[in-house]
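Chains Z and U are the protein sequences, given in the same order.
The numbering of the first sequence is my numbering, which starts it at 1 and goes up by one.
The numbering of the second sequence is my numbering, which starts it at 1001 and goes up by one.
The set of hints was computed from the structure by calculation and includes no laboratory data.
Don't take each hint at face value.
[Claimed, not checked] Rough simulated footprint, nothing fancy, chain Z against chain U, three-plus residues with beta-carbon under 8 Å: (1) 1126-1132; (2) 1241-1255.
[Stated by the list, open to error] A few chain U positions that, by computed beta-carbon distances, are all more than 10 Å from chain Z: (3) Thr1108; (4) Leu1152; (5) Leu1479.
Backbone N, C-alpha and C fix where the C-beta goes; we use that ideal spot for every residue, glycine too.
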Amino acid sequence: MIYRLDAVGKVYPSRRGDVTSLAQVSFEVAAGERVAVIGPSGSGKTTLFRLLNATLRPSSGVLRFHGRDVASQSPREARAMRRRIGTIHQQSLLVPSLTVLENTLCGALGRWSLLRALRSTFAPVRADVERALAALERVGLADKRDARADELSGGQQQRVAIARIVMQDPEVILADEPLASLDPALADAIAALLLGLAGAGRTLVCTLHDTARALALFPRVVALRAGHVAFDAASEAVSPAVLDELYRGAPLAAAALPPTRSRDPVVAC
Amino acid sequence: MIRSSRVELRRAAVAALALAAVAAVIASAVVAEVRPSRLLDPENHAAVRALVRGLFPPDLSPSFVRVAAAATLRTAVIAVVGTALSLAIAVPLGILGTATLFRRGPLTEGERRTPSALVLATASAAARAALGFLRAMPDLVWALFFVVGVGLGPVAGVLAVAVSYGGVLGHVLAELFDTVDPRPLEALRSTGATRLQIFVFGIWPQALPSAVAYVLYSFECCVRAATVLGLVGAGGIGYELALSMRLFEYGQILTLIAALLALVWLTDAASGVLRRLLRANVPAGVLGHRRLRAVPPRASRATAAAAVAAVVIACAAAAGLFDRGVLDADAPRRMAGFVRGMFPPDLSPAYLATVVAPALQTLGTSVIGTVLGAILGAILGVAAAAPHAEDDRARRAAWLLRQALRRGCRFVLSLLRAVPEVLWVVLVFLVLVGLGPFAGTLALGVHTGGVLGKLYADTLEEVSPLVLRGLRATGAGPLHLLVWGAWPEARRMLISYTVLRWEMNVRTSTVLGIAGGGGIGIALYNAVQLGFYPQAATLIGVIYLMVAATGRLGDAVRRRLESASLHGGRR
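Work out the full structure: start from the sequences and follow the hints.
Next comes the structure, spelled out in structure tokens:
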């Protein structure tokens, strides 16, 4: 078992009272499985993903990765775990001021020593560059290698994020709404890329708000609603009535973002 | 193909620049007489130990506390009145210097070039040049001049602060007015509005929040400046500090430093409160790109204005500005005599030859001081900005430790920043390394470290947490995040701040000599004291040229950086 969740819950403390994002979530993911996570906005999909890639810890329950409880992990162990998990985020989280090639190289950060990371900022190791170029080739962006990430379109940025995953070469790929804000043709291409990566014995967990695509592309669907698992079923068993039930009702309020700090002028005296 | 030619080219350019920078730093270290061995001299250590031991117990006798309080009050008074008067210089010259109103841009396009328009354009350019000159001269040099005019005392300090910060503020205001959104101005012009109307209804409201923020911020700078003016006779904390140092009364030093820190921190806090109250905030480094409206109701604004006016008038009275005989008929005559005495400046080759060495020393001091400051600031700033792991709160001990580190570094930075460079020379480095440019360099480095460290920390904290989250998900550690996420995102701002600071340090370096820190300052001080006015004129000219030239250089670098960051910028 890659993942095993037992009654996992996540509560965000906030000034106006705690916000429960997930409660009593239990399911398992086996190696090589392809799972779609669906559910209305605010149902806790993004929080679930951040728990799965160890950038958040559960506030209750037990989350096991390869049988080990993540709550007992040291920061170093958490980093080692993240290295084995590739994450594609809802909006592309590239470093805007770095080039496409450099952003792809970032996939190897978890493996690099600090010295190699430092050196790679101006003279990356040849083998790393070759792997990164191969990854860019795979997503069809090799010709954009020296463009800055913020010069790319949304679809191109998403493809760089996938190239970064190829570079990282993880056991598990977590994709959080990778197809959101893409046009249908591009969405098909990106979905094919992801499923192609998952084919090679890798596990893929993917959230999608496009339920038709989720059912068509993934053999198993886990549905979240208001922080709970609404159902966990094989795709062919999911009927339109069940989906209708899932998406009906008022969506929960989205988790509040931390306030941005205002800033004093330059101290120059 | 592993490397593209574009990357290859960029790498070559970076390597060439780095090489040139290293050469410049080495040359600077030579002329600034950097002698690290002096830091290790056991004799100097003994002197420092004696000083530190002497600090305790602080002198808290009622008579001295009265002296310290009076000195602090005098410094505060100089700063308040100086700031108020600086506005009287900055606002009119700033408006007249606004290029979009008089010289270029859509408002002047298609206008007939009438003689009066030409006169205005010339006056506008002259106003900018005048502001540039006022700004280029260090405040201590202005103080020397006014001491000749009105004699020793707070009035000379007030005038020095007013003139030099009037120049700084006027320049900033003119830039603010120049960079407001031009579309409303064109709309106003198309209704037939006059220039004055365009200014009042188009430019002023847009620039106001940033302008208020900069005025308050300039006030903070004036307080720091006022503390050192005592060294040349304006009185106040700086004077008392120098006096106690000379008398080896180290117990008094600690009391005075405490008073200085209290004054500086109180000012910063008060100015922060006012800024928040008036919602006057500007993003660092950018003049008026983000504008905030919401201003408190008219009634409370009127009350605040009345209160500020009352404080200013009370301070002016306390500074003796209204005393009879302060601005007697002789004062203008003495100052005019001083200025007349400077012409013609001594441009004989023999004299110019003696100016070269101290001028180079001043430049070297500014470079090494800035490099030291950047290193110190980077260490403290990175520690102060150490990002929290996103779920750090769960690990209570780690979170508390990191919080303590951040707070501690912020505190040290504000301490380094609170003491002006010149006082660092007097209080620490003369004792530690003796008279000379090395003391000035170290003092510059320490203060610059405090300023740059804060800016670095603020900039690093502004890096989007989402970008860092994306990297963290690959298993990158905190230092990896710094190298591959925070640095590339922040580097343009960091370099830009450092270059800006270097420009300011060139100006500061010219006066470090007055406190014994080497460079051109001591020559100027002597020339003025001994009445060698033609030589003083030459030195002032050299200072102006150095400050103006480095300012040009810095402007060019920063413009390049800014245009590069705008190109393809997502935000």
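Hint compliance check: list the failing hint numbers for this structure, sorted ascending. Those not satisfied are hints 1, 2 and 5.
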